[in-house]
Amino acid sequence: MNFLAHIYLSGNNDLIKIGNFIADGIRGHDYEQFPIDVQKGILLHRAIDTFTDAHPVFRQSKHRLHEAYGHYSGVIMDIFYDHFLAKNWAVYSDEKLEDYAERFYQSLRDNYDWLNPKTQAMMPSMIGRNWLASYATIEGIGMILFQMDHRTKNRVSMQNAVKELEQYYTKFESEFTAFFEELRAHVQQKLAIL
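The numbers in numbering that gives the first Met the number 0 rise by one with no breaks, and the one at position 66 of the sequence shown is 65.
Because the hints were derived from the structure by calculation, they are not lab data.
Warning: the hint list may mix true and false statements.
The calculated label-pair distances, taken between Cβ atoms and stated as ranges, are [unchecked claim]: (1) Ile35 x Gln105: 19 to 27 angstroms; (2) Ile35 x Tyr111: 16 to 24 angstroms; (3) Arg183 x Asp112: 27 to 35 angstroms; (4) Lys117 x Pro34: 16 to 24 angstroms; (5) Gln105 x Ala67: 33 to 41 angstroms; (6) Thr176 x Asp93: 12 to 20 angstroms.
Restricting the straight-line Cα-Cα distance to at most 30 angstroms, the calculated cross-link-like pairs of lysine-lysine (BS3-like) are [as the list claims (entries may be wrong)]: (7) Lys170 x Lys95; (8) Lys189 x Lys86; (9) Lys189 x Lys170; (10) Lys95 x Lys117; (11) Lys162 x Lys86; (12) Lys95 x Lys152.
As the structure is a prediction and not an experimental result, all values here were calculated from the model.
Backbone N, C-alpha and C define an ideal beta-carbon position, used for all residues, glycine too.
From just these sequences and the hints, can you work out the full model?
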């Protein structure tokens with residue numbers, strides 16, 4: 000799962016959302032320096048990633064990309080799954096995706112001091128290009144993959160994976176739908192004990 004799913008799965012607590020959003024940049028026990036709800040978000044992010052990476056449906060989706068994109072196939076699949084969440088947003092939320100994204104961007108502004116320098120540097124582009132809402136279109140996915148490719152050490156032209164997205168669109172979408180229901184249930188259990 001990429002940004003949109005991680006934020007969505009955090010529920011309605013802005014600090015849990017912030018923690019979930021910044022978690023990739025927090026190593027080991029460094030999370031303990033944050034307020035308790037941010038810590039919960041970081042731990043939730045790790046639980047989501049562990050569940051996702053081990054899940055047979057996600058692994059099946061990822062396998063279609065592995066030959067062309069190797070190590071990055073999981074990252075690309077995370078973005079594809081965010082696309083299906085954004086595309087089907089009305090199934091999962093009563094709030095419009097654009098409004099949801101804007102509320103989260105405001106939360107980032109309000110909690111700027113809790114963001115690491117890398118996230119702070121990324122914020123203007125994320126907000127300016129409305130990354131969260133852009134997941135809903137294939138063009139938006141292409142843009143995000145292009146940006147992602149330019150931030151990696153070994154470029155593999157991730158933006159070309161849009162071809163595989165289009166080729167296997169129905170399969171990817173049905174896999175996402177089945178997987179996401181299980182992930183949502185898993186997250187509810189995790190949130191109850193964090």
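Requested in this report: Could you tell me which of the numbered hints above are not met by this structure, giving the numbers in increasing order?
Outcome: 12
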